[in-house]
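**Q** Sequence:
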Amino acid sequence: MNAATLPKLQIVILAAGFSSRLGSPKALARVRAQTLLRRTLALAARFTDAKTIVVIPRQNLRYQVEARGLDVVFAANPGRAAGLSSSVRRATWLARYSTALLLLPVDLAVLQPRDLARLISRWRATPRRVLARRIEVAGGAPHGGVPLILPRWLYPRALAITGDIGLRELVRALPAEQRVLVDLPSAALDVDTLRDLRKARRTARR
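Offset between the sequence shown (1-based) and my numbering: plus 60.
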């Protein structure tokens with residue numbers, strides 16, 4: 061299969077959260093002198109020639125400055141108070157003509173290209189399945205989290221999710237043969253608090 065016939069994957073970066081536990085926008089937090097938004101955009105650019113969609117708050121001038129020189133479409137989410145699902149719905153609507161949608165949070169401060177490449181490669185082999193990061197649960201079955209690739213046939217369901225765990229519940233409800241969970245070690249650290257940010261900075265230095 062050559063590049064011209066590969067299924068189209070739309071990458072969307074989720075950056076509209078309130079970052080209430082961190083105290084300032086995650087997207088603008090810096091690790092090794094680079095904002096998380098700039099880092100995530102540069103990572104996404106390795107895997108697509110298309111414009112990357114970034115879901116952001118309404119007040120977003122600083123976000124646009126961080127994206128200078130990159131091929132980006134910004135989409136404000138006026139309903140972000142309704143939780144993560146509101147950004148997922150916004151992303152799904154914007155990417156509705158794509159074959160599949162890669163949802164990439166902006167706060168995965170040490171996510172490595174090799175892990176994202178592994179996720180995308182597995183999706184290329186099984187493009188009608190959901191591909192999601194494997195999250196282990198003590199005493200229970202693992203569940204799927206972001207980064208996550210959503211095939212187009214699931215877009216109608218994604219447009220109906222609500223709350224902060226709606227996407228997780230959608231994936232959990234799928235039959236086992238419709239989803240693939242992939243180990244992505246570098247995606248385990250997400251920046252929710254100042255402690256997480258300090259840990260990300262130490263990890264990046266190493």
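Hints are computed from structural coordinates only; laboratory data are not their basis. One thing to keep in mind: the hints can contain errors.
Unchecked claim - Label-pair restraints from in silico Cβ distances: (1) Val-125 - Ala-233: 18 to 28 Å; (2) Ala-177 - Arg-92: 20 to 30 Å; (3) Gln-124 - Ala-177: 26 to 36 Å; (4) Pro-235 - Arg-118: 11 to 21 Å; (5) Arg-81 - Gln-119: 29 to 39 Å.
Quick reminder that beta carbons are idealized off the backbone N, C-alpha and C, glycines included.
**Q** Each hint should be assessed against the structure and marked as holding or not.
**A** Status of each hint after checking the structure:
One distance hint, 18 to 28 Å for the beta-carbon pair Val-125 and Ala-233, is violated here, with the actual separation near 40 Å. About 21 Å separates the C-beta atoms of Ala-177 and Arg-92, a value consistent with the hinted range of 20 to 30 Å. Gln-124 and Ala-177 have their C-beta atoms about 28 Å apart, which keeps the hinted 26 to 36 Å range intact. Between Pro-235 and Arg-118 the CB atoms are about 39 Å apart, so this pair departs from the stated range of 11 to 21 Å.
Look at Arg-81 against Gln-119: about 19 Å separates their beta carbons, and that is not inside 29 to 39 Å.
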